[in-house]
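Spelled out from the first residue to the last, the chains are:
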Amino acid sequence: MNNNAERFRRELLIRVIRGYLDGTLRKDIDRIPIELRPKTMEAASRCCVYKDRAVTKYRLMAMLGCGVEEEVDEAKSLAEYLDDAEKRTELSPNILSVLDIACQACVESQYIVTNACRGCFARPCTFTCPRGAITVVGRQAKIDKSKCIDCGKCTKVCPYSAIIRVPIPCEESCPVGAIKKDETGKEKIDFEKCISCGKCLKACPFSAVLERSQIIDILKALKSGKEVVAMVAPSIIGQFPNRLEQIAEALSLVGFSEMEEVAFGAEKTTRNETAEFFEKMAAGDPLMTTSCCPAYVEAVKRHVPQLLKYVSHTKSPMGYSAEMVKKRSPEAVTVFIGPCVAKRKEAQSDANTDYVMTYEELGALFAALEINLSELHGITLLREADGYARGFATSCGVTSAILQDKAMADSTEKPNAKFINGLDKKSMKLLPLYANGKLPGNFLEVMACEGGCVGGPCSLRDVNLAALAVKKQVEETK
Amino acid sequence: MEKIKVEICVGTTCFVLGASALQDIEMFLPEELKDKVEITGANCLGLCKNSHFGDAPFVRINESIIVSQATIDSVINEIKKLVK
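Sequence lines, in order, name chains A and B.
Reminder that position 192 of the first sequence reads as 192 in the numbering used here, one-by-one numbering, no gaps.
Reminder that position 75 of the second sequence reads as 75 in the numbering used here, one-by-one numbering, no gaps.
Please keep in mind that the hints were generated in silico from the structure rather than gathered at the bench.
One should not assume that every hint holds.
Said to hold, decoys possible - Derived SDA-like pairs: lysine to any residue, alpha-carbon spacing no greater than 25 Å straight-line:
| # | chain 1 | residue 1 | chain 2 | residue 2 |
| --- | --- | --- | --- | --- |
| 1 | B | Lys-49 | A | Glu-375 |
| 2 | A | Lys-429 | A | Gly-152 |
| 3 | B | Lys-49 | A | Lys-471 |
| 4 | A | Lys-471 | B | Gly-41 |
| 5 | B | Lys-49 | A | Glu-11 |
| 6 | B | Lys-49 | A | Thr-24 |
| 7 | B | Lys-49 | A | Leu-12 |
| 8 | A | Lys-27 | B | Asn-43 |
| 9 | A | Lys-39 | B | Asp-55 |
| 10 | B | Lys-49 | A | Glu-6 |
| 11 | A | Lys-27 | B | Lys-34 |
| 12 | A | Lys-472 | B | Asp-24 |
| 13 | B | Lys-49 | A | Gly-19 |
| 14 | A | Lys-27 | B | Asp-55 |
| 15 | B | Lys-49 | A | Leu-36 |
| 16 | B | Lys-49 | A | Arg-7 |
| 17 | B | Lys-49 | A | Lys-472 |
| 18 | A | Lys-472 | B | Thr-40 |
| 19 | B | Lys-5 | A | Glu-375 |
| 20 | B | Lys-49 | A | Phe-8 |
| 21 | B | Lys-34 | A | Asp-462 |
| 22 | A | Lys-472 | B | Asp-55 |
| 23 | B | Lys-49 | A | Asn-4 |
| 24 | A | Lys-51 | B | Lys-49 |
| 25 | A | Lys-223 | B | Lys-49 |
| 26 | B | Lys-81 | B | Leu-33 |
| 27 | B | Lys-49 | A | Gly-152 |
Whenever a hint applies, use it, and build me the whole structure from the sequences.
So, in structure tokens, the structure goes:
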């Protein structure tokens, strides 16, 4: 973690969880915005502490799982929203929303001349601009917004690097152009286009994109004494500086009845994906792509439908794990724990996965209960998942698992594997080319997050450090 | 000269609130400080208890100086003060 926005979100989460578990949340929740931003506070994060408080209130609403866009009465208290959260039995299909009062309506102008401009004699900018949009007025170059086509050529030729591009961070991060300004200049998410990847959530420097949490629903299930199973994604390794055995013990201290490694599901995904690859190739298909990344699957459905026939039908590791858990204990509540926003979407169409919790929320839960993982001995795991299956968490991990699968090892036919490590505007353009057979390869692995799941928007640790930890574990349990 | 002892709390609260980003502080130490500092992880310094968890992550220098809401920058600045 390296910014104030993440820190603040985690601090709020810890307060919400702690309050809910010790029964004081209803009484105290409306005080949280004031406690964190008292009027005596010198430096507000925004224009004043009152605005900070208002934003904090909406942030808390999202943490309670209530949609800020559904607000009818501004005077409704957080305590009342908490009542709603406790009463609900169904989750809303909307996952992300932009908090209009926090959105700064970032400037539309993409290229600006800074005061580093000397108004030089050579003036390469005016010569390079293909639309004649730049003129020098006084001693400063000026860009005529009505003529500028955002080509960026001027930034490259200025000897003083005086012309810069100012991006709109959320729009820049969205691979599919789903977040755009509305008529007021504030950002809005188009849910027809949105693939729930969560990149905008991480990108917005004002933390104006909110994600609806299910933490109250999960805590309620834990409090009720029901059997609640924690299904931890393969990327859990590397999220904490601790062993999986210690994480299992911490989960049981929290009240989960057991920890299920989703890597077990990944073992099944590997077997079925390999078998499906051979079937598809035998049937004459030119290509098969992976299907375990829900943001990628959404991207195909919503933006590259011609590729859909090549996406494998094999379930994701989460799908198989939840199926296995429900088979042995049909009454159990299943909670998938991972770094992913899009899994919330996938879980809504998977009857076996009840809730989704992020690593950030899990970390906050441990902190709220003052569980220090390093002090725990750890619980012996009944069975360790296969190393390759644990490797699903990193880019190329699915392919590595499939290549070592027995059916694959026994076969003379090897896939020509290609990878897309992270979806962005550029790599999105490759998808139709794969669909039309314009690019080589008959097996395509796509991960929406760069680095794979370890680079997910709700992870706790730097993607490189987390990836290293996963790779180490893979080597040890091969 | 005795080395300056820097303990980074790797208890879960500190880790979640930012100590995970302090792990590679060694890489950011200026050359002149590298052999003057000994960096270790500490298993919960106990500072996050009560309601003060908001000040995590904590780093302790020479058993006495506590850096709260520690960042790589603020820790290095504290170390520099001791060297002068």
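Check the hint pairing Lys-49/B with Lys-472/A against an upper bound of 25 Å on the C-alpha distance. Not OK: Lys-49/B and Lys-472/A at ~33 Å, beyond 25 Å, violated.
Has the given pair, Lys-49/B with Thr-24/A, been kept, meaning a C-alpha gap of at most 25 Å? Satisfied, since the Cα-Cα distance of roughly 18 Å is no more than 25 Å.
Checking one constraint from the list: CA of Lys-49/B to CA of Leu-36/A, max 25 Å. Satisfied? Satisfied, since the Cα-Cα distance of roughly 18 Å is no more than 25 Å.
Distance restraint between Lys-49/B and Gly-19/A, which requires alpha-carbon spacing of 25 Å or less: Distance of about 15 Å is within 25 Å: holds.
Is it true that the CA of Lys-223/A sits at most 25 Å from the CA of Lys-49/B? At roughly 23 Å apart (the allowed maximum being 25 Å), Lys-49/B and Lys-223/A satisfy the hint.
25 Å Cα cutoff - pair Lys-472/A, Thr-40/B: OK: Lys-472/A and Thr-40/B at ~22 Å, within 25 Å.
For the pair supplied as a hint, Lys-5/B and Glu-375/A, confirm whether the alpha-carbon distance does not exceed 25 Å. Judged against 25 Å, a Cα distance of about 22 Å means the pair holds.
Tell me if the straight-line CA distance from Lys-49/B to Leu-12/A falls inside 25 Å. Distance of about 16 Å is within 25 Å: holds.
Hint check: Lys-27/A vs Lys-34/B, CA-CA at most 25 Å. Holds or violated? violated (50 Å)
Sort out whether Asn-43/B lies within 25 Å of Lys-27/A, counting only the CA atoms. The given pair, whose Cα atoms are some 34 Å apart, is violated under the 25 Å limit.
Take the C-alpha atoms of Lys-471/A and Gly-41/B, compute the straight-line distance between them, and say whether it is at most 25 Å. holds (23 Å)
Need the status of pair Lys-49/B, Gly-152/A: alpha-carbon distance at most 25 Å? Given that 25 Å is the threshold and the Cα spacing comes to 52 Å, the pair is violated.
Of the numbered hints given earlier, the model fails hints 3, 8, 11, 17, 22, 24 and 27; all others are met.
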